[in-house]
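Engineer: Sequence:
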Amino acid sequence: MQQEASGKFIRNYICSIASNITLREYMPISFRVHYPKCVAIIDAFEIFCEMHSNMVDKSSCYSNYKSHHTVKFVIGMTPQGSINFVSMGFGGRSTDVDIVNESGVLDNIAKNDEVMADKGFLIEEAISSRGAKLIVPAFKGRRQQLEGSETERSRIISNERIHI
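Per full-length UniProt numbering, residue 1 is the first one in the sequence shown, and the count goes up by one each step.
Simulated from the structure, these hints should not be mistaken for laboratory data.
From a predicted model like this one, the values you see are computed outputs, not experimental measurements.
Any given hint could be a false lead.
Stated by the list, open to error - Listed next, the in silico EDC-like pairs over lysine to aspartate or glutamate satisfying Cα-Cα at most 20 Å (straight line):
| no. | residue 1 | residue 2 |
| --- | --- | --- |
| 1 | K133 | D118 |
| 2 | K111 | E125 |
| 3 | K37 | D107 |
| 4 | K37 | E25 |
| 5 | K37 | E125 |
| 6 | K119 | E152 |
| 7 | K119 | E25 |
| 8 | K119 | E50 |
| 9 | K37 | E147 |
| 10 | K133 | E150 |
| 11 | K119 | E147 |
| 12 | K111 | E152 |
| 13 | K133 | D96 |
| 14 | K111 | E124 |
| 15 | K111 | E147 |
| 16 | K133 | D43 |
| 17 | K119 | D98 |
| 18 | K133 | D113 |
| 19 | K111 | E150 |
| 20 | K37 | E114 |
| 21 | K133 | D107 |
| 22 | K37 | D113 |
| 23 | K111 | E25 |
| 24 | K37 | E50 |
| 25 | K37 | D96 |
| 26 | K37 | E160 |
| 27 | K133 | E160 |
| 28 | K37 | D98 |
From just these sequences and the hints, can you work out the full model?
Structural biologist: Here it is in structure tokens:
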């Protein structure tokens with residue numbers, strides 16, 4: 001599925017995916033220690049776009065989060081820092097979960113791989129169905145604070161995924 005943004009079609013962009021052996025061989029030491037099976041760090045970003053004249057397109061591009069009309073993308077990066085995936089553009093109203101499921105970013109995730117994301121990415125089910133593991137910082141939820149071990153784990157994850 002493609003969506004039109006500013007008169008041009010935006011398609012998925014996938015760089016050549018390195019083999020797991022190559023990824024592990026050149027993996028930064030901090031990843032080797034904490035997340036040796038991590039093959040991707042994913043996140044989403046939005047860019048402002050002009051309003052469409054078509055009311056359906058106009059409403060699908062309005063982002064409540066940004067209070068503006070936007071196009072939203074999912075980006076993937078290897079632990080080494082190479083960008084290996086940029087999704088096609090989706091209307092700003094699209095959720096991160098919808099974009100991840102429709103963009104094909106998970107097509108290169110294999111059994112036993114680890115994928116790192118922000119806690120807002122509620123894609124555990126999609127990752128688990130591929131036999132992989134989702135690594136996200138801990139949620140505080142309704143608790144007053146996180147436990148010590150959760151805080152330390154979240155700090156490590158945040159330090160690793162800060163680059164994206």
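Engineer: It remains to establish, for every hint, whether it holds in the given structure.
Structural biologist: Against the structure, the hints come out as follows:
As the CA atoms of K133 and D118 are separated by approximately 14 Å, the hinted pair is consistent with the 20 Å bound. Between K111 and E125 the alpha-carbon distance is near 14 Å, which keeps this suggested pair within the 20 Å criterion. Simply put, K37 and D107 have alpha-carbon atoms about 17 Å apart, close enough for the 20 Å limit, and the pair holds. Only pairs whose Cα atoms come within 20 Å are accepted, and K37 paired with E25 is accepted, the gap being roughly 11 Å.
Distance restraint check for K37 and E125: the Cα-Cα separation of roughly 18 Å lies within the 20 Å cut-off, and the hinted pair is therefore satisfied. With a C-alpha separation of about 15 Å, the suggested pairing of K119 with E152 holds against the 20 Å cut-off. Among the hinted pairs, K119 with E25 is inconsistent with the structure: their alpha-carbon atoms are about 28 Å apart, more than 20 Å. Restraint check for K119 and E50: not satisfied, since their Cα atoms lie roughly 30 Å apart, outside the 20 Å limit.
Annotation: proposed proximity of K37 to E147 is violated, straight-line Cα distance about 25 Å (limit 20 Å). Note on K133 and E150: the hinted pairing holds, with a Cα-Cα distance of about 17 Å set against a maximum of 20 Å. A threshold of 20 Å between alpha carbons decides the hint, and for K119 with E147 the separation of about 17 Å falls inside it, so the pair holds. The hinted pair formed by K111 and E152 fails the criterion: a straight-line CA distance of about 27 Å is larger than 20 Å.
For the given pair, K133 sits about 18 Å from D96 by alpha-carbon distance, which is consistent with the 20 Å threshold. At roughly 14 Å between alpha-carbon atoms, K111 and E124 fall within 20 Å of each other, so this suggested pair holds. Restraint check for K111 and E147: the C-alpha separation of about 30 Å exceeds 20 Å, so the hint is violated. A C-alpha spacing of about 16 Å is found between K133 and D43, which places the hinted pair at or below 20 Å, so the restraint holds.
For the suggested pair K119 and D98, the alpha carbons sit about 16 Å apart, so the restraint of at most 20 Å is met. Restraint check for K133 and D113: the C-alpha separation of about 6 Å stays at or below 20 Å, so the hint holds. Pair hint K111 plus E150 does not hold up; C-alpha atoms about 25 Å apart against a cutoff of 20 Å. Restraint check for K37 and E114: satisfied, since their Cα atoms lie roughly 5 Å apart, inside the 20 Å limit.
A threshold of 20 Å between alpha carbons decides the hint, and for K133 with D107 the separation of about 14 Å falls inside it, so the pair holds. This hinted pair checks out: K37 and D113 have alpha carbons roughly 5 Å apart, not beyond 20 Å. For a cut-off of 20 Å, the pair hint linking K111 to E25 stands: about 19 Å separates their Cα positions. With a C-alpha separation of about 41 Å, the suggested pairing of K37 with E50 is violated against the 20 Å cut-off.
Proposed proximity of K37 and D96 is contradicted: the alpha carbons are some 23 Å apart, above 20 Å. Only pairs whose Cα atoms come within 20 Å are accepted, and K37 paired with E160 is accepted, the gap being roughly 13 Å. Of the pairs offered as hints, the one joining K133 and E160 holds, with about 16 Å between alpha carbons and a cut-off of 20 Å not exceeded. With a C-alpha separation of about 25 Å, the suggested pairing of K37 with D98 is violated against the 20 Å cut-off.
Checked against the numbered hints given earlier, the structure breaks hints 7, 8, 9, 12, 15, 19, 24, 25, 28 and satisfies all the rest.
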